[in-house]
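Line order of the protein sequences matches chains P and U. Position 23 of the first sequence, counted from 1, bears residue number 23 in our numbering, the numbering being contiguous throughout. Position 188 of the second sequence, counted from 1, bears residue number 188 in our numbering, the numbering being contiguous throughout.
Derived by calculation from the structure, the hints in this document are not laboratory data. There may be inaccurate statements among the hints.
Here are the simulated lysine-lysine pairs, BS3-like style, with alpha carbons at most 27 Å apart [to be verified]:
1) P:Lys67 with U:Lys337
2) U:Lys128 with U:Lys104
3) U:Lys204 with U:Lys267
4) P:Lys24 with U:Lys260
5) U:Lys215 with P:Lys67
6) P:Lys67 with U:Lys131
7) U:Lys131 with P:Lys24
8) U:Lys207 with U:Lys128
9) P:Lys24 with U:Lys128
10) P:Lys67 with U:Lys260
11) P:Lys67 with U:Lys128
Label pairs and their calculated CB-CB ranges [said to hold, decoys possible]:
12) P:Gln66 with U:Ser54: 26 to 34 Å
13) P:Ser17 with U:Glu185: 46 to 54 Å
14) P:Phe82 with U:Arg272: 52 to 60 Å
15) U:Gly88 with P:Gln66: 51 to 59 Å
16) U:Gly31 with P:Ile75: 21 to 29 Å
17) U:Ser54 with P:Glu81: 42 to 50 Å
Ideal Cβ positions, reconstructed from N, Cα and C, are used throughout, including at glycine.
The residues making up each chain are set out below.
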Amino acid sequence: MPAKVSMCLAFPGKVISIDGDFAKVDFGEGTAREGINVSLVDVNLGQYVLVHAGYAIQVMDEDEAQKTLSYWREILAYEQEFEQTSR
Amino acid sequence: MSSLSILDGYRDAELAKRLERRIHRLSQEIGRKIMIMHVCGSHEWTITHHGVRSLLPENVEVRAGPGCPVCVTPAADIDAAVDLALGGRTVLTYGDMSRARGSKQSLAEAKTLGGDVRIVYSVHDAVKMAKSLPEKDFVFFAVGFETTAPATAYEILEEPPSNLRFLTSYRYVPSAVQAVSRSPELRVDAFINAGHASTITGMKAYKTCFDECRKPMVFSGFEPLDVLISVAMVLTQIRNNEPKMENEYTRSVTWEGNVKAQQTMEKAFDLREGYWRGVATIPNSALDLKPEFSYLDAREHYSLAHKSASAEFVKDARCADVIIGKIDPPECPLYMKECTPLGPLGPTMVSSEGTCKIWADHKIVSAMRCRV
């Protein structure tokens, strides 16, 4: 998580422990942060949250993240195949 | 951040190339100039940093609109914060905000003149600091969009310490998008909407605006592939002549949004008319403290003036035109001459979400308008 804080920048991270209103969140690449306020969301251990200025503002849907990508992969792969066969 | 499994694949170069081809084909089928506006500084960063514009066809442009909270914070509010700091109060704010000038000074400059100005990462830090130093008077200069406002609302409802007051300057994006969509001068063809602001409000907050303007609206994430997919979605809608509200950022944005955050925000703030620096006064675009929390309102407590007729920007600077998306930064006569990231003259060169700062950091010196 960069030290520079900008207003709309938010980072996804995985909740690795919860203590009341606060959680420890793993942002990947060896960066974890304690004291993230999770009162604005209903989150469980192991879920991804979107963190903005010290507060989790959303529980992220991991399946949806992969669904969007595989949907586009599929239609673009089909398109490429079509292009190649029609050449 | 790329090691997080939730983002795996959102920087896949092969998929990017295929999307590029699809975007080019769609643009040929459309055969006219298309201007897509986004309204978020983080989108501008992704687009510039990853060179997304260089992948776009000649007749398709993605332009930055009013998506930088620091940039649109009125000079009068910065002046008020500076006066409070120089008058013996401890002013707390975010890093970017401290360096943006009002009509005369920035909070950082007030600090060099002896004012007590401290940078915080979150409103919770402000609460902790005020609790630990009960003999001092603290003012939290609360700026941002609806992405940031719920956290402050939460702390306000949790009864903050009595030595902490709030100078709020929150702005609400859906009303700004509506104002921009009505502009005959900008002629926006479609919108890429801010993924994090709309994570809070949900897509539903843009329904009135969409019903009125009938322009394609795609709610987008912040990885380079998110933006390319969003452009492809916009162009598909235009080609099919089927404008709709479409969600690309399904891992975070929903139709309803974060209802818990909305309810928290609604308990503390009312939507009122708000001034966007250099842009316009826009109805229902400011999140102001509700009357029952006036005891926490720094404006009430210190009898601060609500408006000032002070100059908005330095002479010849075209910050306002950059904020609204009327010009690209290099079209301002001061860009990278008198005004640089090391010596910024306007807020768009200060904030990491300001278009000038982002372009300057990436050494872009020529405009990138549609080339046809």
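Outcome of the hint check:
A threshold of 27 Å between alpha carbons decides the hint, and for Lys67 (chain P) with Lys337 (chain U) the separation of about 47 Å lies outside it, so the pair is violated. Proximity of Lys128 (chain U) to Lys104 (chain U) is assessed by CA-CA distance (about 31 Å); at most 27 Å being required, the pair is judged violated. Restraint check for Lys204 (chain U) and Lys267 (chain U): satisfied, since their Cα atoms lie roughly 19 Å apart, inside the 27 Å limit. With a C-alpha separation of about 21 Å, the suggested pair Lys24 (chain P) and Lys260 (chain U) falls inside the 27 Å cut-off, and the hint holds.
A threshold of 27 Å between alpha carbons decides the hint, and for Lys215 (chain U) with Lys67 (chain P) the separation of about 26 Å falls inside it, so the pair holds. The hinted pair formed by Lys67 (chain P) and Lys131 (chain U) fails the criterion: a straight-line CA distance of about 46 Å is larger than 27 Å. Between Lys131 (chain U) and Lys24 (chain P), the direct Cα distance comes to roughly 23 Å. Compliance with the 27 Å bound is thereby established for this hinted pair. Distance restraint check for Lys207 (chain U) and Lys128 (chain U): the Cα-Cα separation of roughly 39 Å exceeds the 27 Å cut-off, and the hinted pair is therefore not satisfied.
Taking the CA atoms of Lys24 (chain P) and Lys128 (chain U), the gap is about 18 Å. The hint holds against a cut of 27 Å. Of the supplied pair hints, the one linking Lys67 (chain P) and Lys260 (chain U) holds, its CA atoms being roughly 26 Å apart against a limit of 27 Å. At most 27 Å may separate the alpha-carbon atoms for a hinted pair to count; Lys67 (chain P) and Lys128 (chain U) exceed this at roughly 41 Å. Take Gln66 (chain P) and Ser54 (chain U): their Cβ atoms lie about 28 Å apart, and the range 26 to 34 Å holds.
As the Cβ distance of Ser17 (chain P) to Glu185 (chain U) is approximately 52 Å, the hint placing it in 46 to 54 Å holds. Here the CB-CB span from Phe82 (chain P) to Arg272 (chain U) is close to 54 Å, well matched to the stated 52 to 60 Å. In this structure, Gly88 (chain U) and Gln66 (chain P) meet the distance hint of 51 to 59 Å, their C-beta atoms being roughly 54 Å apart. Distance hint check for Gly31 (chain U) and Ile75 (chain P): the Cβ-Cβ separation is about 23 Å, which falls inside the suggested range of 21 to 29 Å.
For the pair Ser54 (chain U) and Glu81 (chain P), the beta carbons lie near 27 Å from each other, so the given range of 42 to 50 Å is not met.
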